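Protein chains in written order, with this note's numbering: chain W, 1 to 815; chain P, 816 to 1106; chain X, 1107 to 1269.
For the record, the hints were derived by calculation from the structure and aren't laboratory data.
Be aware that a few hints might be false.
Example chain W residues on the side facing chain X (calculated, C-beta under 7 angstroms, incomplete) [said to hold, decoys possible]: (1) Q648; (2) C740; (3) W743; (4) E747.
Bear in mind the structure is a predicted one, so any value in this text is a computation, not a measurement.
Built from N, CA and C at the ideal position, the CB exists for glycine as well.
Below are the chains, spelled out letter by letter.
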Amino acid sequence: MTAVEETPLSAAGNPIGFGSMKRKEDQRFVRGEGNYVDDVNLPGMLHSAILRSPHAHAKILSIDTSAAEALPGVHAVITGKTLEGLPRPELLGDNFAWMPTLSYDTQAVLATDKVRFQGQEVAFVVADSRYIAKDALELIDVDYEPLPPVMDAKKALDPDAAIIRDDKGFTDNRVVDVFGQTSWESGNKEETDRVFAEAEADPNCVVVTEQIMYPRVHPAPMETCGAVSYLDPVSGQLTMYTTSQAPHAHRTVYAMVAGLPEHKIRIISPDVGGGFGNKVGVYPGYVLSVVGTIVTGKPVKWMEDRSENLMSTSFARDYHMTASIAATKDGKILGTKVHVLADHGAFNGVAQPTNFPAGFFHIFTGSYDYPAAHCVVEPVYTNKAPGGVAYACSFRITEAAYVIERIVDVLAAELNMDAAELRLKNLIKPEQFPYTSPTGWEYDSGEYEKTMRLAMEMVGYDELRKEQAEKRARGEYMGIGISFFTEGVGAGPRKNMDILGLGMADGCDLRIHPTGKAQVRLSVQTQGQGHETTFAQIVSHELGIPPEDIEVIHGDTDNTPFGLGTYGSRSTPVSGAAAAVVAQKVRDKARIIAAAALECSPDDLEWELGRWQVKGDPDRGKTIQEIALLAHGSLELPEGVEGHLDAQTVYNPPNLTYPYGCYICVVDVDPGTGQVKIRRFVAVDDCGTRINPMIVEGQVHGGLADGVGMALMELIAFDEDGNCLGGSFMDYLLPTSVECPDWETGETVTPSPHHPIGAKGVGESATVGSPAAVVNAVIDAISPFGVRHADLPLTPANVWRAIQGNPVRVDMAVE
Amino acid sequence: MQTPSEVDYARATSVDHALQLLAQHGEEARVIAGGHSLIPMMRLRIAAPEMLIDINDLDELKHIKIEGNEIVIGAMVRHQEVLNSPVLFEHYPIFRVAEKVIADPVVRTRGTIGGSFCQADPSEDLSAVGSALKGSVVIRSTSGSRTVPIREFHFGPYMTQVDDGEILTEVRFPIRPGAGSAYEKVERRVGDWPVASAGTFVVVDGGTISDAGIGLTAVGAEHFTAPDAEAFLIGKEPSEDNLATAAQMAADSCQPVSDQRGPADYKKHLAKELTLRALRRSAAASQSKGA
Amino acid sequence: MSNTMQVTMTVNGTEYTREIEPRMLLVHFIREELGLRGTHWGCDTSNCGTCVLWVDNEPVKSCTMLAAMADGREVKTVEGLAKGAELDPIQQGFIECHGLQCGFCTPGMMMTGRWLLDNNPNPNEEEIREAISGQICRCTGYKNIVKSIEWAAAHPAESEVKA
């Protein structure tokens, strides 16, 4: 691998390979010439709006759409009944009113019998303008019979709880997965129980248990979800511009759901204004835009409001966890166990590989070496929006990393041991890699202590602890919080990972044109991660073509190969590998062509960035550009070698990759008001090879802001009547430039041994690792008041109440 | 994207013209200034006026000046101008401190002091400032002007003395030489409504408090003030004990409700804590003026 | 359309006249009537700031203003920052310092950044953070946005350099 410092620069000043370079995509964005879905306008396009339920749980007795239909400018008003009546082939389900979710459950496109969460889709209006469409919503008359809502996940299995999924004939509110399971477990129960029993009985050991909740939050990208759908009545082609992180997967889902021939569906994700897992699933609004174009014969645009985004699209987390950790009194961790009550909302819409219904939560043993672990996840339905896997969670690794880093801090407090010291005692050692965790994960590479010591040095850990002691003596409260996280990303190997039966291998196509310029076609889809630049850099690294001469094409399913999209930080580990592999294939083919041109054997040639040359006679050689022209020319090629200089690949990753990091947060807390000020945040990440350090840092900065948000202010709570209390940005608070400190980032580089360029991916690392660092810092600050845990978000009220010894319950309305 | 329902629009060229238009169109007409309370309500369709009368061109309402013993602020003065005003800062720094924590710099280019008073949100920061300083508002109709003390201005949340057909034109504050003022706010995040705020002024004269005002918002304080606590302070030394007693009295007189910003017991606590902090600062500022 | 009115406004130096409903929001007027889609929208409650543009040289959340209220006024949007092919320093700063990722909040951030620098040519970090505190970014964590604005302050355009 070329070290960053040695990378030569192109004529335009860009690194030919890895290194910081300015982004190619910026030129259009700074001019306001991005092309987002709401910027798409097709001739004759109509607009739409969705009528949503005000009730969390209610029967629909009747819907009168006559007044809405009569409003001038309205083209169609569609209800669940309309959808039930629309003809469809026997592919999936019975009718259009219900669609499959990514977890093999079903979700209503438009409510038929009942509404099951506040904000659920009830009717769809297509009109000349969005103003008229909204006017029409006010004219639709729905007669509801309210039912008691199930809002408290802890009461969802009470014998008198209303049954939510009577449509499936269920007799309680347990979620049943595609394998018929109502709970999921991982690890070794017997061994873990034994370890805990021994520890409880041993005076030299401690067992600590804590109720740790990770409440419902939302990815809230700045661009909401939407689609412009056009089914051409003559050609039968469906073209959909949509906010999708996985255009090919969406195409296949629409083919299966709508019974439309897949070769006539074209999904285009143009510029996407942030995804963060919010734009992975297929939402009713998208399906309705397709129904709208079928019914009207015109393009139909559906763009959701922010309240719709927050109230009905995929939320994240909502895990009620009971965590226990057993350790010796001198700080050696012996085992952990976690029970999770998982709130899935009204439909099971979680998006993760089929064989992992709780995602990768069972990586909850974290970065520490100990033998015994067991977890059980019990999912329930509630009258809330569906979802759960979103907001950069890496398939529930946010929950796992949070619980282990929190319980380790609780253990440190119990043992009266420094939080850094406890971690250093237990971190997995370099010689243990590849490391198999008690729950079956094979961590690829890591030098954990090195990363942690760098973070401690950068933050000045010892000096901070001194300062903390001095301040406590004066009645001032500062806190230092550590989070050491290990991620597992890059899903995933065909042998055990698929989503809805679709394997998670990514295709990649590379073409070198006759004049030596390149086009690489990706299956992944950027929503700001800089793929147009970084993937050019990967190809540049392998072929020596300057990045400015490589065009990255993505987002249009007609022009790109199949793959399962961008989420779970998988773009670099999977598609990045694919891009490297396909470029290596081109390089190998170029060798043969060069040998033919130079009339020597391919074995006589050696590669010198951008050129195949004769060993020992470097003046004799061909640049990749020359080879490209030769490949398209009349040069005679050896038997079995075809012309042109193209290659394609489908990369099936052999394993996940395991980026990791150590984050340290310093806060000051005002106990009189509970206000928290983040003074400093140091983040040291190890994501293996860093393709573009500037972009890597940017990814980290964004994720750290997420941590500040979730730790201090982000929350979707509900009241007992079923009202969603986080349905606008007035109550779903996002962190601003004022709450976020000046991030201090550092890195270590431990390449992944199985990845073609040693890169691991980093998109979600900071979101995974940062919340625990902030929470741990705040709890550390107020620990003199006897606090050892309080749930996030640690708003001023919640901090003050924790200090009083009367913590609030965060997921229900404040009382 | 939420959109308003249908509405008509007219632009007023003078206060008289605005009053005329209001009279013409009746109770379904609303005046619009900065629009940052009204337009969001219209987009959510919880307000649906039939006619909007735009008063943004009314230069006659854009002054900050001294008239006799009062500071007079025109209703159309933007938050940004209140924040930056040297005249206000000289007499009452509480304005700058409070404005710094109202909304954000972009919203402050549009929102107006008149709009804030007329919206009368129970968590409005300027209501606490206005009540603390014992100011008054001037309300005009086609039959003339009347002056209403801010402490009599509110009937309840979102309900004020401004009747249909009337326009609030000015906010007035007595000048108090030697006064120190301060504002303390707790919010969940920058730009948020307060969980609780306290604003105060204190005049320390010859070692004792000769005048004091306490304003509270978001905690259910009647007329955004705590008169018993104020009365307690008069004639007393600004000692920590006395200030703490006054702060406790202020908290005792509030009726906060629990909501997502915080539980009632926390808000009660804040009423006391923030009043105390504001009183300390105000007293210290007054004493250093006198020194 | 039941009731309509005529509005005229100068946008990025060009005067436009259109017949619209009085209820039309300024952000929709700019995007749909004038086709200037660089100004975005992202919320319902005037919190996100992706819609920020200038009216009479001051930044405004254009989702919270009616087009009618901008009648007769001067509007500037992100499309008006560059002078032909020459980017404004604020735009160049965002490219130099990786101040954008998905680009959705970027026009609003740049418009506020430009206004800040026009009134305060050398702001400190705190002043920059305060200026953009009413606008949300979900991608960058703000550090590079601050650096981008600092870069623009340090590299004013020729025409901005005061004698």
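Hints and how they fare:
1. Q648: Check failed: Cβ of Q648/W comes no nearer than 29 angstroms to chain X, outside 7 angstroms.
2. C740: Result: holds, 5 angstroms to nearest chain X Cβ.
3. W743: holds, 5 angstroms
4. E747: violated, 16 angstroms
Against the hints set out earlier in the document, violations occur for numbers 1 and 4.
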